[in-house]
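Given next are the chains, with one letter for each unit.
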Amino acid sequence: MDHLLSPEELDFAHQMREFFRTEIPEDIRYRQAIGQELSKEDIVTSQRILNKHGYAVPNWPVEWGGQDWTPVQRHIWLEEMQLASVPTPLPFNTAMVGPVIATFGSQELKERFLPATANIDIWWSQGFSEPNAGSDLASVKTSAVRKGDKYIVNGQKTWTTLGQHGDWIFNLVRTDPDAKKQAGISFLLIDMKSPGVTVRPIELIDGGHEVNEVFFDNVEVPVENLVGEENKGWTYAKFLLGNERTGIARIGDSKVALARVKAYAAATKTSRGTLLDDPLFAARLTKVEAELTALEFTQLRILSTQVAGDDKPDPRSSVLKLRGSMIQQDISELMMDVLGPQGIDFVDSREVPTGFTTLPPGAVDAGPHYYNYRKVTIYGGSSEVQRSIISKALLGL
Amino acid sequence: MDHLLSPEELDFAHQMREFFRTEIPEDIRYRQAIGQELSKEDIVTSQRILNKHGYAVPNWPVEWGGQDWTPVQRHIWLEEMQLASVPTPLPFNTAMVGPVIATFGSQELKERFLPATANIDIWWSQGFSEPNAGSDLASVKTSAVRKGDKYIVNGQKTWTTLGQHGDWIFNLVRTDPDAKKQAGISFLLIDMKSPGVTVRPIELIDGGHEVNEVFFDNVEVPVENLVGEENKGWTYAKFLLGNERTGIARIGDSKVALARVKAYAAATKTSRGTLLDDPLFAARLTKVEAELTALEFTQLRILSTQVAGDDKPDPRSSVLKLRGSMIQQDISELMMDVLGPQGIDFVDSREVPTGFTTLPPGAVDAGPHYYNYRKVTIYGGSSEVQRSIISKALLGL
Amino acid sequence: MDLELTDVQQELASTVGRLLATKYDAAARDEVLASEAGYSESMWSQFAEIGLLGLPIDEDYDGAGMGFAEVAVVMEQFGRALTLEPYLATVVLGAGLITAVGTDEQKSELLPGVAAGETKLALAAYEPAGRYDLTRPGTTASVSESGVTLTGEKSGVLGLGAADRLIVSAAVDGGVGLFLVDPAAEGVTIDVRTQADGHKAGSVLFDSAPATRLGEGDASAAIAAVIDTANAALCAEAVGAMEASLKMTAEYLHTREQFGFPIGRNQVLQHRAADLYATLEYAKSMALYAKLAVIENNPDTRHRDVIAAKLVIDDACRHISQEAIQMHGGIGMTMEYPIGHYAKRLTVIARTFDEADALTAELAEMGGLIEARAADLQAG
Amino acid sequence: MDLELTDVQQELASTVGRLLATKYDAAARDEVLASEAGYSESMWSQFAEIGLLGLPIDEDYDGAGMGFAEVAVVMEQFGRALTLEPYLATVVLGAGLITAVGTDEQKSELLPGVAAGETKLALAAYEPAGRYDLTRPGTTASVSESGVTLTGEKSGVLGLGAADRLIVSAAVDGGVGLFLVDPAAEGVTIDVRTQADGHKAGSVLFDSAPATRLGEGDASAAIAAVIDTANAALCAEAVGAMEASLKMTAEYLHTREQFGFPIGRNQVLQHRAADLYATLEYAKSMALYAKLAVIENNPDTRHRDVIAAKLVIDDACRHISQEAIQMHGGIGMTMEYPIGHYAKRLTVIARTFDEADALTAELAEMGGLIEARAADLQAG
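Residue numbers (full-length UniProt numbering), protein chains in the order written: chain A, 1 to 397; chain B, 1 to 397; chain C, 1 to 380; chain D, 1 to 380.
Excised from the complex, chain A in its bound form:
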């Protein structure tokens, strides 16, 4: 991509490249690069370094630690971060609740939360989805009833990613049960240490613990934790969901993952040579490479238009999500195919008892990753939702 950049942009890219590869601890980047699950500490450590240098929340207002960057610069920042295997800042903090508070919160809320959010002193969780809601996010049932200077919150949220680490949770709650669906929803911040909050893990088929259910049983929440106006929460939620659409393609991550597939394939012996020489495997891999390039240039074309000043919503963002998630799944499947019989087991480590052959690279994560990545076409607006968005823009039906 370098040759497409202006001299200033290229300087910026080099600066980012250098920064990520020297300032973020190598062990964290190594774990990220080889598909290991990162600890909470890894994520916090990395984000704090970013934040110290002003690189954790570039999308925020400058006053709150953001950067006055062009869309291209933001893209370079994210791409270089992913290519360097630096964990991206916690999206619940930086892409979700932060921008909402910065845009719709009171001065008091901003001061209270934004610095701690950028620096991940508070780990935020997301309390949007509810059981059986699926893509119908506005069907919020969790209620918040005002009683004096408190809300009493009752209900249940689900699919709360990394909620086990959460300090606070931002929620959509129903404050007016009589209003129509989207009306009557408020955006409420809740301390997860409050009495009545319970977090229950959801076990996933990848064997990991990534998402949770969060229960609210008569939880008392001070009214000052309301963001913006009561019953206007749906507006803030839509703002939140519309943010950061271009990053959703995760192209840098996919490049790293594909490079890894390729390196492993070259090191995998088959009865006729290496797997990378196998015509059918190589053809599938090559097609994904070409498609990933097509995806990248689709993203760049969108950025190029944004530079030109057009900022209205673009069905091409849905193309990025639709196709970007397909490519992530394709890569996870190629990785499974590289491992072959050794990608079937669920193991915690490549280490084996003395005397046995060490498991090949990828043996730990290939399988779980494949199963886990079934999610990428479901969450963040499923593929079905993206197709509906695109066809609406295309057909106007």
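If a hint is listed, it holds; no wrong ones were tucked in.
In silico lysine-lysine, PhoX-like type, Cα no more than 20 Å apart, as pairs: (1) A:Lys193 x A:Lys40; (2) C:Lys247 x B:Lys392; (3) D:Lys247 x A:Lys392; (4) A:Lys141 x A:Lys181; (5) A:Lys287 x B:Lys287.
Hints listed in this document are in silico derivations from the structure and should not be mistaken for laboratory results.
Let chain A serve as the given structure and place chains B, C and D on it in line with the hints.
The following block gives chains B, C and D in isolation, referenced to the frame of chain A:
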């Protein structure tokens, strides 16, 4: 398939195999085998030989020339016919109007039409589709107004296959304009030489003349040409459309076509050997072979159930159409890929001016065939219609 | 032509189906899954009781003397219920090989125990460096006067942990031999792992481990044959699991409501479900095709036909497992909902004994299923 | 970073677009298609008038001295309108090769005529036995004192029939040389055919036909480069044709009614249209990628990047052409409705200069687009 057959069935298969390969003129079978368009005469010659031996209309009542065959025998008959590259009897005669007349027609109509229909002394055309109707066959606009002992027919039919050869045409006409859609339709036989009947060719993208529009301008039709009862035509049409669902997969034809692709690929030189040795081409071909086998065994499984006496409509018939048409298209595409640069031109003959290299086998038909076969997922119940039928049976929605 | 199950086979299917419906529902299975052994001894005994373990074993050795057709019936039911017991390892692979190459004495010693549910077996044939290759074991047999010992490492040993006796392939006499090894013997180290689908498998290290030769002569053909049989068995199991997956998905589409109506009203999901149905029909047809190939056992076509079947079924496993989760949405990714368990089993089946690309290439090299022929070309 | 068209390019696009919208609608095109020549001399003159024919030709030879970026703009518009004129043959391939290897004298002789619309060119490089190979021509050049003559057969010669001069590749001096031949000269026989898309192409037989060498030295690299450029041009044309196809299909879905409502209300067709849109975006991105590769002309990456682009675009041609017809239904198969014409052009584009399987294999052999790299493995 032979090893699945009972001794009696196997005898029958041998008998059919022998018959088709000795009695039907070799030149006709050769033209059919190499994808040449057959003349009207070829089709008539072949069918008359079949009819002479009682093999043109085995699905008809025995009294009218049919055979009291089991479903398996009928399958063997069709399969062996296709494998021998014998043109199948004209479906408009044998699978469509014949059974309708035999089932719903008066004795007089039967005597008048059935022998001539079986022997293709009358070439029938189909007058069902109308402009802009698409899959909505019941939206018949062509009107037949009774005037004394005649109907006066006005309107237009379209997609009339081989209508240029037609002697008679069987039509759905609206006899009661006030009745609801499906009611008010009658099944009327019209002599195409009647004044007011005009046939206009529709030029298709394959360069051929296969389908036609048929216009009716105050055409007088004797009332005795009505089949069954007035306004009951939709019932007869549904009967007609429900016939011969298993033959629709055209497995024998696909086997012959695929064998041909394979033989040509083996004779096609590439920079690395023959095309049949090319791993990517071979893989695509092999998958289609395996799928064709899956299709064949799906058909056999259905037949096996029919033997067991279950005769209710089966969503698996829709699977045969859905997947059988996909396979036909896949094969037509493989053939295009075999021809490569020499499948691009539309030529009438493999012959070239003196001195030039003769065109390879398939050069004449590969391209036209590919374009023509776009139809197989559209006609006879489009793939979309088949999926709806299957999902209705599956989901009951 | 009759491709339907015989009455006896239908009865067998009902018997197994009823047993599993009552004793092996999702909750019971979750318990088995969470157990240390990873399978249920009690179910195993019940399988023995109703004769499933001796199904293909000769009557002389206390078996039922039936054939692969009946085994396929059982495997399909097992697929439907997603059983975790080492039936494939013990009955299909283990007893299959002993029947194929064992001496009368060895058969007498081992097969009655299998039929009675007292002996479990495992085939140790794959190796870490060999991927899916079975023809060139790095494990070697050393024959001396004091007996035979094996040295080497095996991986992907299905049913390891439960097995009372291992059948091990090793290089011997310039070919491949099979050997019986007691997993508790000195010189044998086992490392049991859990597959993504919950089945136990793992690796075994042999360090001059005492062994007995199973039968005699080169066992390559017998190993290839038993893997064909096992692949055909997996085809049947996959069909059961896919049929259950599709049924579950259809029910979900029918009952799950969103935006005020069942999500199955979405035409897009209807048509995609229809494609799943078509894929399942293909899979059923090819499981039948593989079954007939194994029963006919024609040496010219058996392997070719089985891999053709497995190829189609691997694709079907992928299509149905991926779409079933996608159509369920997030709930489909949770362990508490059954569909993900089916998806995992199907994903593993598509990677057991082979991989789809290699099967495709192999089938192509064997000349495919249809003979090249064109009327305007000389055969070539 | 700026990937948008420059103002000049946008103006060019509008100019060409306007001209074609007024002079080259479906009816006008049908006339051209039915004509003996298969293209319109009058359009050709108008292309010359507005400077399209000299676009990439140096100003010294009466051209506009612009680059491939502008050619791509024109090709995309041509794709949109499905023009039939031999622009690729004359301007991209013909003038491209003369510019690349011709002597000053040859440039002076031929290029001004091209720019003025007076000279048409065709490249005769493919041969019946060579499939898509250009590196080993069977046609030979024989050099004697009385001059050069060519003997051999060429096929797939785009623009044949219209061409005033042929550029022919032939084996010479152990390498590949390019030669200029007058198609009317003795010893030259041409057999013009019509491609499925209506474009004229065909074969040429040279029997000691008089020829003049174009430039000197081995021309293999120049031929490879001009085919890369032509492939990038086809990518642009395909994008124009696909965008028009999708627009037409969307309009059809919007206006065509069945069972009482527009068929575009069918969610299934909506979602499939959305997939077409995504495919078109990929194609646009890769046409851009190919364009940048040709402009940058880095010998290490140009060919690789162009074939990667063509690969994605071949797939897109297939997806969009097939679905566009399917979503139109029967009407899409008729010559009187435009969508089938687009489908045919797209089908031909995907088979011009290469085939998708071979491109995939070639790209893989070149090492693909992404460098193999894993933190836990040594580079290898």
